[in-house]
Structures are given as structure tokens and as C-alpha cells.
Amino acid sequence: MTTKYKNVYINDVATVVGPYEYKGPLSKRFDKHYEDMYFGCDSLECAEVKLMSDSIDLVLKKAKQEKSDVDLFIAGDLQNQITASCYTALKLERPFLGIYSACATNTEGLLLGANFIESKMADNVLVSVSSHNMVSEKQFRNPTEYGGPKPGTATFTATGGASCLLTNKKGKVKIESSTIGIPIDMAQTDPLHMGSVMAPAAAYTINKHLSDLDRTVDDYDLILTGDLGIFGKEILRDYIKSEYSIDLKDKYNDCGVMLYDLKKQKEVQAGGSGPVCSALVVYSDIIKKLEEGQLKRVLYVATGALFNPTMVFQKENILSIAHAISLESVL
Amino acid sequence: MNGDNVEKKLYNKLVMNHKPKEKRGQNAFIAFVVGGLMGVIGQLLVEFYSYYLDISSSDASVFMIVTLIFFASLFTALGFFDKWVNFARCGLIIPITGFAHSMTSAAIEYKKEGFVTGLGANMFKLAGTVILYGVVSAYIFGFIRLIIMGGA
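Chains as they are written, first to last, in the numbering used here: chain A, 1 to 331; chain B, 1 to 152.
Everything labelled a hint here was simulated from the structure, so no lab data went into it. Check before you lean on any hint, since a few could be wrong.
As the list claims (entries may be wrong) - In the DSSO-like style, the derived pairs of lysine-lysine whose C-alpha atoms are separated by at most 27 angstroms in a straight line are:
#1 Lys125(B) to Lys64(A)
#2 Lys6(A) to Lys138(A)
#3 Lys138(A) to Lys111(B)
#4 Lys9(B) to Lys241(A)
What the hints assert, rightly or not - Derived DEER-like restraints, expressed as beta-carbon distance ranges:
#5 Ser242(A) to Ser61(B): 58 to 64 angstroms
#6 Asn5(B) to Lys249(A): 28 to 34 angstroms
#7 Pro149(A) to Thr117(B): 27 to 33 angstroms
Glycine is no exception: its CB is placed at the ideal position from the N, C-alpha and C atoms.
Full structure from sequences and hints, please.
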């Protein structure tokens with residue numbers, strides 16, 4: 001399903017990151033960073049709540065808005081029962097919708113918010129996501145202090161919180177259209193190669209978006225996928241060419257690859273992942289380039305592996321989904 | 001889109017083409033050297049205990065195992081043993097150090113959820129399998145030995 005919007009703008013964005021992200025190439029562009037993984041909290045789970053709350057405080061401060069100006073709060077994360085979002089929403093005391101699409105959560109939130117604004121049901125919608133490396137490791141994989149080796153295809157869940165305030169008042173960057181993806185099953189079962197799980201979902205959504213709007217790759221300055229990693233990125237390039245005859249040329253990049261310095265930061269293996277991964281890259285780097293007019297139109301396709309450890313142990317395939325939004329510079 | 005079986009197979013082939021090669025030779029070599037070193041350390045400890053404490057070498061090997069478990073757990077708690085394991089792989093996972101590491105790391109991880117519902121319930125998350133099948137196979141092989149060799 002592809003929808004066009006006339007009246008949805010990005011008021012402001014804010015990013016908070018952990019130490020690994022701060023060591024990456026985008027370090028100076030984040031609004032706030034922490035040196036450790038606990039941020040003064042008692043547990044890692046509470047630390048993730050702090051990440052998201054911090055990003056909300058920052059975005060409201062930057063946009064000079066009060067909590068009461070937020071008509072609707074949409075948020076999601078990777079914790080079971082999207083706990084980090086719920087506990088953050090408790091402090092915010094605004095109408096709250098919790099969402100989950102794994103690492104595609106951010107675009108799901110943005111397109112939902114855009115729909116609320118376009119239909120005039122809300123004036124200001126706050127969209128937040130977070131993830132925490134060690135919380136995800138604990139929940140989806142092994143204890144964080146366990147050193148069992150992982151293959152080179154494994155990705156590294158990014159630690160951070162990111163918030164975006166959508167508004168109906170004219171700003172420098174607008175959300176121009178969105179495409180909602182479908183769950184994809186391409187018989188992938190390796191939880192340590194999420195790039196291969198998600199690439200077909202990204203290919204489907206990119207193709208659907210372009211064909212629904214009768215556009216080509218050339219109508220965009222940049223097409224960004226969420227967190228496919230270095231291997232997933234190459235898989236997508238090949239797959240989208242063979243399956244949909246789309247050549248991504250030099251207009252394509254992946255947020256998971258951009259967030260870290262893959263040569264120096266060996267611990268991230270194939271790149272970053274997690275719902276906050278793509279949000280951190282888009283909010284710190286891409287939005288600024290759109291505001292300055294360096295980029296005119298960007299297709300942001302966040303990709304999520306709908307991965308459940310129980311189903312994988314029961315020998316079921318891992319599903320994936322991708323949602324796209326098109327961001328446009330208003331100059 | 002969700003392709004049929006042929007498409008899924010084709011896609012799997014594409015994925016395999018892009019899979020990075022694991023450095024199997026290098027990994028095996030490191031595991032061999034580190035695992036061998038662990039054996040040397042173990043033997044030295046056995047000699048040390050049996051000489052200085054004046055005990056039989058079978059008693060000394062129990063002391064040796066306890067020593068290795070202690071240091072693997074201590075280093076895990078101090079936070080650098082996971083990096084060693086990641087480097088040496090099976091060189092440290094297969095000896096008793098890997099068993100101790102898996103238990104300590106789980107214990108640290110779930111301490112926050114309480115001593116009973118967290119630490120107690122989850123400490124054997126990784127090591128439980130080893131214990132269960134270790135005991136079961138010991139029982140089976142002990143039984144076979146009893147039948148064939150008459151318990152000798």
C-alpha cells in the first residue's frame with residue numbers, strides 16, 4: 001500500500017547513542033552520547049528506557065515544544081512486550097501507540113504518524129525507537145559475557161534512542177510518501193545472517209514503491225536500507241536486479257554499514273542492526289543533508305527480521321518485513 | 001515476494017555466493033595451540049599439587065579442575081574472558097573452562113532478576129544441556145561396561 005502526503009513535515013529529530021556508536025564515523029553528529037552501557041541505571045533494560053526518554057527530552061527541547069504539545073506518541077523497540085517504549089510512555093503521559101516490526105519499526109512509526117497528521121487527526125506526532133546491544137544479546141542470543149564466536153555475517157545491535165517530531169506546519173523536510181510492506185518468507189533460517197533474511201523484503205518494498213508511484217531509481221538521490229549489513233547489501237543488489245530488473249547503481253547504501261567504521265570496529269562484524277540503527281543514521285546525517293539541500297529526495301526502507309527464537313528452535317523460517325518512506329527536501 | 005520452492009532455492013544459492021569464508025585453518029590452528037596449552041597447564045597443576053600437597057595424582061587432578069574452573073569464572077566476572085574465548089574458540093570452550101565460562105556468564109546476566117527467579121533459574125541455561133547429556137551418556141556407557149566387562 002503506497003500513500004502520498006501533502007502536509008507532513010519533520011519538525012525536529014534527536015539522537016542519543018552508546019559508546020560503540022560514538023566511536024563510529026557519525027560520532028560528532030549525535031546529540032548526546034554515553035561512555036558506558038548502563039547510563040547510571042541499575043539494569044540494562046532500564047538503561048534502554050533512559051535512552052528513549054533522553055531522546056524525547058532532547059527533541060522537545062530542540063523543537064521548543066512542551067510534552068502537552070504532543071498529540072500522539074508512537075514508539076517501539078526490541079524488548080519483549082516493547083517494554084522500553086511502554087515505560088517511556090508512562091513518563092510522557094501522552095496518548096500512546098506501541099508498535100513492533102523489529103528493525104523496521106521506525107518507518108512503521110513514521111508512516112503511521114504521517115497518516116494521523118495527513119488525515120488531520122493530530123497536529124504533532126512524536127515517533128521514537130530504541131535498542132540496546134546487551135538487552136538484545138540477552139533476549140535473543142547468549143548472555144552478554146559469554147564469548148562464543150559468531151560468524152562474519154552476524155550484525156551488532158546498535159545502542160541508542162532516536163526521536164522524531166512530525167508536524168503539519170511547514171518545515172525543511174517533508175514526508176512525501178510511504179509504502180507498507182508485506183511479511184516475506186524466503187526459507188531463511190540462520191539467525192546470525194539477518195541480511196539474507198531481510199534483503200527480499202527490502203527488494204519487494206522498493207519495487208512496490210517505485211511501481212506504485214510510477215518512478216524509477218533515478219527519481220531518488222539515495223535509497224537507504226535499514227540494517228542489511230555488508231553481505232545483505234550485496235545480496236539485495238543482486239536479488240533486486242534478477243527478480244525485479246531494478247539496477248540500484250551508485251544510489252544505494254545501507255544504514256548498518258554507515259553507522260560503524262567496519263574496518264576499525266571489528267566487533268560489529270557485518271554492521272549495525274536494531275530499530276535504532278537506521279534511525280540514528282537518517283536523523284544524524286541524512287536529515288541534515290536534506291535540510292541543506294545536498295539531497296533532494298531519499299527513499300528510506302527500514303528492514304526488519306520478524307525473528308522469534310522459539311520459532312527458530314522449532315525449525316520454522318524467519319520472516320521479514322520492510323516499510324518505506326520517501327523524504328523530500330523543501331527548499 | 002514469497003516465491004515458490006524453486007525461487008527459494010535460487011535465492012539460497014545467491015545467499016551462499018555472498019557468504020564470507022570462515023578462516024577454518026587459522027581457527028583450528030589457534031584452537032589446537034590454545035587447547036594444547038590448557039592441557040600443559042593442567043598437567044603442570046597436577047604435578048604441582050601432587051608434589052607439594054603430597055596427594056595422589058587422581059586427587060591432584062580434582063584440585064586442578066577446581067583451579068581452572070575458579071580462574072575461568074573469575075576472569076569471566078572481571079569481563080575479559082569472553083574476548084579470550086572469542087579468540088581461542090574451541091581451545092577454551094571444550095576444556096572445563098568453557099563450561100565454567102558459560103555458567104558464570106549466565107549467572108552474571110540474570111543476577112538482576114533475583115537469586116531464585118533469575119540466577120537460580122537461568123544459571124544452567126547454557127550448561128544444563130552439557131550436564132543432562134553428560135549424566136545420561138555416563139549412565140549408558142557405565143551400563144554397557146557393566147554388561148561387557150562385568151563392572152571391572
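Checked hints:
| no. | hint | verdict |
| --- | --- | --- |
| 1 | Lys125(B) to Lys64(A) | 48 angstroms, violated |
| 2 | Lys6(A) to Lys138(A) | 43 angstroms, violated |
| 3 | Lys138(A) to Lys111(B) | 12 angstroms, holds |
| 4 | Lys9(B) to Lys241(A) | 17 angstroms, holds |
| 5 | Ser242(A) to Ser61(B): 58 to 64 angstroms | 59 angstroms, holds |
| 6 | Asn5(B) to Lys249(A): 28 to 34 angstroms | 32 angstroms, holds |
| 7 | Pro149(A) to Thr117(B): 27 to 33 angstroms | 30 angstroms, holds |
Comparing the model with each numbered hint stated earlier shows that hints 1, 2 do not hold.
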